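Asker: First to last, the sequence lines map onto chains A and B. The first sequence begins at 476 in the numbering used here and counts up by one. The second sequence begins at 832 in the numbering used here and counts up by one.
Treat the hints as calculated values from the structure; they're not laboratory data. Since we're looking at a predicted model, the values are computed, not measured. A portion of the hints provided could be inaccurate.
[Stated by the list, open to error] With the Cβ distance kept under 10 Å, some of the chain A side facing chain B (calculated, not the full set):
id: 1; residue: LEU532
id: 2; residue: GLY686
id: 3; residue: PRO688
id: 4; residue: ARG693
id: 5; residue: PRO694
id: 6; residue: SER698
id: 7; residue: PHE701
id: 8; residue: ARG751
id: 9; residue: SER756
id: 10; residue: TYR795
id: 11; residue: ALA799
id: 12; residue: VAL800
id: 13; residue: LYS802
id: 14; residue: ALA803
id: 15; residue: ILE874
[What the hints assert, rightly or not] Per label pair, the in silico range of CB-to-CB distance:
id: 16; chain 1: A; residue 1: VAL851; chain 2: B; residue 2: ASP863; range: 55 to 65 Å
id: 17; chain 1: B; residue 1: GLU875; chain 2: A; residue 2: SER884; range: 29 to 39 Å
id: 18; chain 1: B; residue 1: ARG848; chain 2: A; residue 2: PHE796; range: 46 to 56 Å
id: 19; chain 1: B; residue 1: ARG869; chain 2: A; residue 2: LEU626; range: 45 to 55 Å
id: 20; chain 1: A; residue 1: ASP876; chain 2: B; residue 2: GLY868; range: 44 to 54 Å
id: 21; chain 1: B; residue 1: GLU893; chain 2: A; residue 2: TYR902; range: 24 to 34 Å
id: 22; chain 1: B; residue 1: GLN870; chain 2: A; residue 2: TYR902; range: 25 to 35 Å
Heads up, the beta-carbon is just placed ideally off N, CA and C, and yes, glycines get one too.
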Amino acid sequence: MKRIITFAVMLIAVLGLPVSAAAQDGIDTGDNAWILTSSALVLMMTGPGLALFYGGLVRQRNVLGTMMQSFAMMAMMTLLWAIYGYSLSFAEGNTFVGGFGHVFLNGVGMEPNGSIPHLTFMVFQLMFAIITPALISGAFAERMKFSAMLLFMALWGTVVYFPMVHMVWGGGFMSGDGMIPCLDFAGGSVVHMSSGVAALVIALYLGKRKGYPNEAMRPHNLSLAFIGACLLWVGWFGFNAGSALAADGLAAVAFVNTHFAAAAAVTGWLVVEWIRDGKPSVLGGITGAVAGLVAITPAAGFVGPMDSIIIGFAGGAICYFAVAVVKAKFGYDDSLDAFGVHGVGGTVGALLTGVFARMAIGGADGLVEGNAGQFVNNALGSALTWVFSGVATFVILKIVDAIIGVRVSAGDESIGLDISQHGEEAYN
Amino acid sequence: MKKIEAVIQPFKLDDVREALKGIGHDRLTIYDVRGHGRQKGHKEVYRGQEYEVDLLPKVKLESYASDDRVDEIVNAIVESARTGKIGDGKVFVSDIASAIRIRSGETDDDAI
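Full structure from sequences and hints, please.
Answerer: Given below as structure tokens:
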């Protein structure tokens, strides 16, 4: 008897499913499944992806401190996003920043936002708010106080990232119907350019690591960096194809473009490196892949697969020059090349999006289709992003420096962040 | 009673151990060390930035023997560690005043 009741309950539950789904009118379960999956993929880009990538590139005494910088963003940005970050990014507001309509996720529930639940959209966007500040940490590796890093990131998220999201994606003046409509599919300017420029400013502000560039500061474990880079590549499918906000044809285009660009960028970087330095290196290959993934990010849903190969190749080759030639020439210590890869790659991608965009794919034409105006808009948007992120980052640094001091003491720097900031060692 | 120290190429360690076993002297201590003699370092390039790596990884081995066995052991090490290229390393022999086996209290030649 008991078994029959159980069966009956299960039957009702199964039959009841479509009914309860239908009750959530306007939600496409396929879209929702893909965006939730994408959200998880994008979180994986930060931890462990970026943490391993950056962690492998630093010296042994700083590996935990470097991983912790990424991991801390997974906690801190999540809480800020829940309390007010999502609201400042996506609630109704002015043209620069969102309002307080969604603070404490007020009004953000299971109801549809497009074809997915509003909560799904919110959590997908949250993962971008985590990785963007984490990217900056490559510039100040091995020499920033953990406490200062937390305060800096909280302020930077509030003053730079949330407004950037609003301006480009949340209905601000760089959005589709704004004053300067920029094409940024998944974050060329919002994520990579803004964090990359901030990285350059912070590298200049903090100064070089002790001993740089005379002392050999070789990556302590390239196998970790390799695993991290491969996780980034896979996670990027969620980043770009998820940005279609649906499991549709556009998502497929973005997925393919993402993959093609990464492959072309590995090739681009290695060709240049092989010619100039004599050997194709593993570090070169994985760095090239990341550069190509950055470059295709703004273009992923606007260009065709063959365009993405050109964009990826250009991203790989140009970022090589930014990292190997420009950095050496000017002598700044962008330790793990957050600017060289994300700032430069993001800018290359944003400009080339304005070149290769095609109406048939993302609903907008670029230079090659005869619409020079879009290229101008994307160039203008890039310039504004550089200035905004650069100036704001400098002011935030001044404030944090005045309150707690941004740089660790010379002694702490010599011991390493692992022991001086966290009281532990990675390898025993 | 002598101490025999040798700095060798890491990839020759297996050959040296094999050779020492072959003459019935398979007791030794190994250290991973870095250094260089006349051998120059090599160049490593990371993202276009060149580093001259002059402290190269080597293996240092240490063993103890009675006076009458020293020549045979040194010979075995030299023969087995040689590639003929610069960087093969060196062998040093020095006198030892005394030795004690902790477990049994045996001393000198009985202890090594």
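Asker: Indicate, hint by hint, whether the structure satisfies it.
Answerer: Now for the hints, and whether the structure bears them out:
1. Hint status for LEU532 (chain A) relative to chain B: holds, with the closest Cβ pair at about 9 Å, below 10 Å.
2. Because the closest C-beta pair between GLY686 (chain A) and chain B is about 12 Å apart, greater than 10 Å, the hint is violated.
3. For PRO688 (chain A), the suggested interface contact is upheld, since its CB lies about 7 Å from the closest CB of chain B, less than 10 Å.
4. Annotation: interface hint on ARG693 (chain A) holds; nearest CB of chain B at approximately 6 Å, less than 10 Å.
5. Taken as an interface hint, PRO694 (chain A) checks out: its beta carbon lies about 7 Å from the nearest beta carbon of chain B, inside 10 Å.
6. With a cut of 10 Å, the hint placing SER698 (chain A) at the interface with chain B is violated, because the nearest CB-to-CB distance is about 15 Å.
7. With 10 Å as the threshold, the beta carbon of PHE701 (chain A) stays out of range of chain B, its nearest partner Cβ sitting at about 14 Å, so the hint is violated.
8. Restraint check, ARG751 (chain A) versus chain B: the minimum CB separation of about 7 Å is within 10 Å; hint holds.
9. Hint status for SER756 (chain A): holds, given a least beta-carbon distance of 7 Å to chain B, under 10 Å.
10. Restraint check, TYR795 (chain A) versus chain B: the minimum CB separation of about 7 Å is within 10 Å; hint holds.
11. At its closest, the beta carbon of ALA799 (chain A) sits 2 Å from a beta carbon of chain B; the interface hint therefore holds under the 10 Å criterion.
12. Hint status for VAL800 (chain A) relative to chain B: holds, with the closest Cβ pair at about 7 Å, below 10 Å.
13. About 8 Å separates the beta-carbon of LYS802 (chain A) from the nearest beta-carbon of chain B, less than 10 Å, and the hint is met.
14. Hint status for ALA803 (chain A) relative to chain B: holds, with the closest Cβ pair at about 7 Å, below 10 Å.
15. With a cut of 10 Å, the hint placing ILE874 (chain A) at the interface with chain B is violated, because the nearest CB-to-CB distance is about 32 Å.
16. In this structure, VAL851 (chain A) and ASP863 (chain B) meet the distance hint of 55 to 65 Å, their C-beta atoms being roughly 60 Å apart.
17. For GLU875 (chain B) and SER884 (chain A), the Cβ-Cβ distance of about 30 Å falls inside the hinted range of 29 to 39 Å, so the restraint holds.
18. For the pair ARG848 (chain B) and PHE796 (chain A), the beta carbons lie near 49 Å from each other, so the given range of 46 to 56 Å is met.
19. Distance hint for ARG869 (chain B) and LEU626 (chain A): a CB-CB separation of about 53 Å, consistent with the stated range 45 to 55 Å.
20. Range check, ASP876 (chain A) to GLY868 (chain B): about 48 Å between beta-carbon atoms, so the 44 to 54 Å window is met.
21. Roughly 25 Å separates the CB atoms of GLU893 (chain B) and TYR902 (chain A), a value that falls within the hinted 24 to 34 Å.
22. Range check, GLN870 (chain B) to TYR902 (chain A): Cβ separation about 28 Å, and the 25 to 35 Å hint holds.
Hint violations for this structure: numbers 2, 6, 7, 15, all remaining hints satisfied.
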